[in-house]
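2 protein chains.
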Amino acid sequence: MASDRDSATACLIIIGNEILSGRTQDTNLAHLSGVLNELGIRMIEARVIPDVDETIVETVNHCKQRFDYVFTTGGIGPTHDDITVDSIAKAFGVAVEEHPEVAALIRKREAPPAVMAARLRMARIPVGATLIDNPTGGPPGFQLGNVFVMAGVPMVMQAMASTFDQLRLPGGRPVRSRTVGAFLGESQVAAQLGLIQDQYPDIDLGSYPFYRPNGYGTNLVMRGTDEAALEEMVERITQMIQDYGAEAFLGGAPTALATED
Amino acid sequence: MASDRDSATACLIIIGNEILSGRTQDTNLAHLSGVLNELGIRMIEARVIPDVDETIVETVNHCKQRFDYVFTTGGIGPTHDDITVDSIAKAFGVAVEEHPEVAALIRKREAPPAVMAARLRMARIPVGATLIDNPTGGPPGFQLGNVFVMAGVPMVMQAMASTFDQLRLPGGRPVRSRTVGAFLGESQVAAQLGLIQDQYPDIDLGSYPFYRPNGYGTNLVMRGTDEAALEEMVERITQMIQDYGAEAFLGGAPTALATED
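Just so you know, the protein sequences line up as chains A and B, in that order. Going by the numbering used here, the first residue of the first sequence is number 1, and it counts up by one from there. Going by the numbering used here, the first residue of the second sequence is number 1, and it counts up by one from there.
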């Protein structure tokens with residue numbers, strides 16, 4: 001991996017048995033990575049853990065020491081398996097209290113007493129936390145220290161993440177990427193790729209093979225904060241592909257090749 | 001989480017910058033969880049880590065002590081960013097050698113010397129490892145101790161996982177799940193759900209809200225190894241939903257409701 005000196009680091013903790021069991025496909029990692037890239041924050045690790053108190057506490061305590069920012073998704077609803085808030089509070093050694101502003105928001109929508117009591121679980125916020133707005137109109141997330149606690153439902157998580165900016169999450173230069181694809185096997189380009197990577201140590205160069213009905217090949221992905229270096233590397237890669245007698249596709253190899261009429 | 005006394009535990013380490021950056025969506029976790037469930041092995045944690053040697057070594061060493069089985073996907077191709085094999089060997093303190101059987105397989109397909117040299121990187125296997133067959137015909141994965149090293153390309157990973165059986169991966173009773181859905185909000189069922197969960201401590205009961213064009217509601221998912229207890233819990237949950245005057249949908253709430261003609 002290239003040097004991270006230009007950017008801050010992040011870790012996502014995905015909390016939920018349903019992701020681990022394979023029932024639900026996580027999409028929050030990919031979305032959040034994209035949002036953070038724009039803020040110059042690199043996702044360095046992600047963990048998927050079950051709804052188990054000790055595991056959440058231990059994982060949060062470990063990650064908040066190691067990364068500039070830690071994000072969590074999942075486990076902040078009204079039911080018995082929503083234990084994230086209490087576990088986060090425990091990790092920080094603080095109490096959980098009903099937050100008057102959030103409780104007022106929840107009470108706006110009328111409900112029978114038992115339902116309202118369940119809903120008000122979502123007003124329970126660790127002492128000292130600041131809220132993360134929820135533009136869908138539902139209960140907010142919160143930030144405690146460098147830990148950002150968000151909903152697991154992608155629509156809600158994405159709405160919360162849309163409120164992040166450089167003021168709240170100081171990062172670095174945006175991380176940019178370029179992709180060049182070719183219908184060449186990875187083994188054909190391997191030696192040259194290694195040489196090119198060595199010349200641009202601050203750009204990550206990844207090689208991703210594909211197998212499609214229209215042929216097999218490789219997409220080469222460059223990621224870094226130095227746009228000039230990225231453009232230079234794109235030219236080098238393009239030249240390499242053409243030297244092999246193949247076509248270089250900026251943006252990645254097409255999923256279907258045009259045929260001549 | 002319910003007791004794991006009936007089943008073995010597993011952790012998946014997903015190795016690859018492309019998953020962390022959001023460029024590629026992982027699907028291997030969900031697939032492998034399903035395969036392992038059938039063998040009575042529960043996925044307890046997953047980690048997504050970058051192609052960084054120290055990180056791979058540290059993560060593998062940590063996880064192989066904590067879980068019965070550790071699986072890795074990604075980073076075993078022919079290019080400079082494919083460093084998994086060397087990192088796994090380092091974690092176990094063993095050397096890497098060209099495996100004669102794998103080299104013979106790779107040499108069957110002719111190629112110019114430079115391409116063959118790159119391809120033969122995939123014949124490099126840690127000393128003492130046993131191979132994991134690759135039914136696609138490509139290079140195999142390998143097992144070293146309780147760590148199973150597989151390709152990241154889903155088609156190849158799935159082929160390798162299809163070779164797993166009780167002989168190689170002793171587990172426990174298969175983990176089964178049942179889903180019952182209803183067009184009821186999570187907050188409406190929260191109190192009852194907590195009571196039902198308390199009565200079946202060995203079954204995981206998860207509550208997953210959904211928001212769809214045909215209405216919002218909740219899917220309730222039960223997971224465990226005791227089929228009789230699962231069936232009992234399904235009946236309890238169905239009764240609870242009907243007591244609220246709603247319809248209980250076995251298998252989960254439909255994505256579109258039938259309308260009367």
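No lab work stands behind these hints: they were computed from the structure. Ideal Cβ placement from N, Cα and C applies to all residues, glycine included. Fair warning: there could be bad hints in the mix.
Computed footprint of chain B on chain A; a stretch qualifies when at least three of its residues, placed anywhere within it, have a C-beta under 8 Å from a C-beta of chain B [said to hold, decoys possible]:
no., segment
1, 19-33
2, 181-194
3, 240-250
Calculated cross-link-like contacts (lysine to any residue; reagent style SDA-like; alpha-carbon spacing at most 20 Å) [stated by the list, open to error]:
no., chain 1, residue 1, chain 2, residue 2
4, B, LYS108, A, GLY185
5, A, LYS64, A, GLN143
6, B, LYS90, B, LEU131
7, B, LYS64, A, GLY93
8, A, LYS108, B, TYR216
9, A, LYS64, B, ALA8
10, B, LYS64, B, GLY145
11, B, LYS64, B, THR130
12, A, LYS108, B, GLY185
13, A, LYS64, A, ARG109
14, A, LYS64, A, GLY93
15, B, LYS64, B, GLU54
16, B, LYS108, B, GLY138
17, A, LYS64, B, GLU58
18, A, LYS64, A, ALA161
19, A, LYS64, A, GLN25
20, A, LYS64, A, ARG23
21, A, LYS90, A, VAL127
22, A, LYS64, A, LEU131
23, B, LYS64, A, THR55
24, B, LYS90, B, THR136
25, A, LYS90, A, GLY40
26, A, LYS108, A, ALA161
27, B, LYS64, A, VAL127
28, A, LYS64, B, THR55
29, B, LYS108, B, ARG124
30, B, LYS108, A, TYR216
31, B, LYS64, B, TYR216
32, B, LYS108, B, THR136
33, B, LYS64, B, VAL153
Results for each hint:
1. 19-33: holds (count 14)
2. 181-194: The restraint on the segment 181-194 of chain A holds, since 9 of its residues have a Cβ under 8 Å from chain B and three suffice.
3. 240-250: violated (count 0)
4. B/LYS108 <-> A/GLY185: Answer holds: B/LYS108 to A/GLY185 is near 16 Å, not above 20 Å.
5. A/LYS64 <-> A/GLN143: Holds, at about 12 Å.
6. B/LYS90 <-> B/LEU131: holds (18 Å)
7. B/LYS64 <-> A/GLY93: violated (30 Å)
8. A/LYS108 <-> B/TYR216: With Cα atoms ~19 Å apart, A/LYS108 and B/TYR216 stay inside 20 Å; holds.
9. A/LYS64 <-> B/ALA8: Violated - the C-alpha atoms of B/ALA8 and A/LYS64 are around 30 Å apart, more than 20 Å.
10. B/LYS64 <-> B/GLY145: With Cα atoms ~9 Å apart, B/LYS64 and B/GLY145 stay inside 20 Å; holds.
11. B/LYS64 <-> B/THR130: At roughly 17 Å apart (the allowed maximum being 20 Å), B/THR130 and B/LYS64 satisfy the hint.
12. A/LYS108 <-> B/GLY185: holds (16 Å)
13. A/LYS64 <-> A/ARG109: violated (36 Å)
14. A/LYS64 <-> A/GLY93: Since the Cα atoms of A/LYS64 and A/GLY93 sit roughly 14 Å apart, the hinted pair holds (cutoff 20 Å).
15. B/LYS64 <-> B/GLU54: holds (15 Å)
16. B/LYS108 <-> B/GLY138: holds (11 Å)
17. A/LYS64 <-> B/GLU58: Holds - the C-alpha atoms of B/GLU58 and A/LYS64 are around 18 Å apart, at most 20 Å.
18. A/LYS64 <-> A/ALA161: With Cα atoms ~19 Å apart, A/LYS64 and A/ALA161 stay inside 20 Å; holds.
19. A/LYS64 <-> A/GLN25: violated (25 Å)
20. A/LYS64 <-> A/ARG23: Violated, because 28 Å separates the two Cα atoms, which is more than 20 Å.
21. A/LYS90 <-> A/VAL127: Holds, at roughly 11 Å.
22. A/LYS64 <-> A/LEU131: OK: A/LYS64 and A/LEU131 at ~18 Å, within 20 Å.
23. B/LYS64 <-> A/THR55: holds (17 Å)
24. B/LYS90 <-> B/THR136: violated (28 Å)
25. A/LYS90 <-> A/GLY40: Between A/LYS90 and A/GLY40 the Cα gap is close to 30 Å, so the pair fails against 20 Å, i.e. violated.
26. A/LYS108 <-> A/ALA161: violated (24 Å)
27. B/LYS64 <-> A/VAL127: violated (37 Å)
28. A/LYS64 <-> B/THR55: It holds: about 17 Å lies between the C-alpha atoms, which stays within 20 Å.
29. B/LYS108 <-> B/ARG124: holds (16 Å)
30. B/LYS108 <-> A/TYR216: Status holds; Cα separation ~19 Å.
31. B/LYS64 <-> B/TYR216: violated (42 Å)
32. B/LYS108 <-> B/THR136: Roughly 15 Å between the alpha carbons, so the hint for B/LYS108 and B/THR136 holds.
33. B/LYS64 <-> B/VAL153: violated (23 Å)
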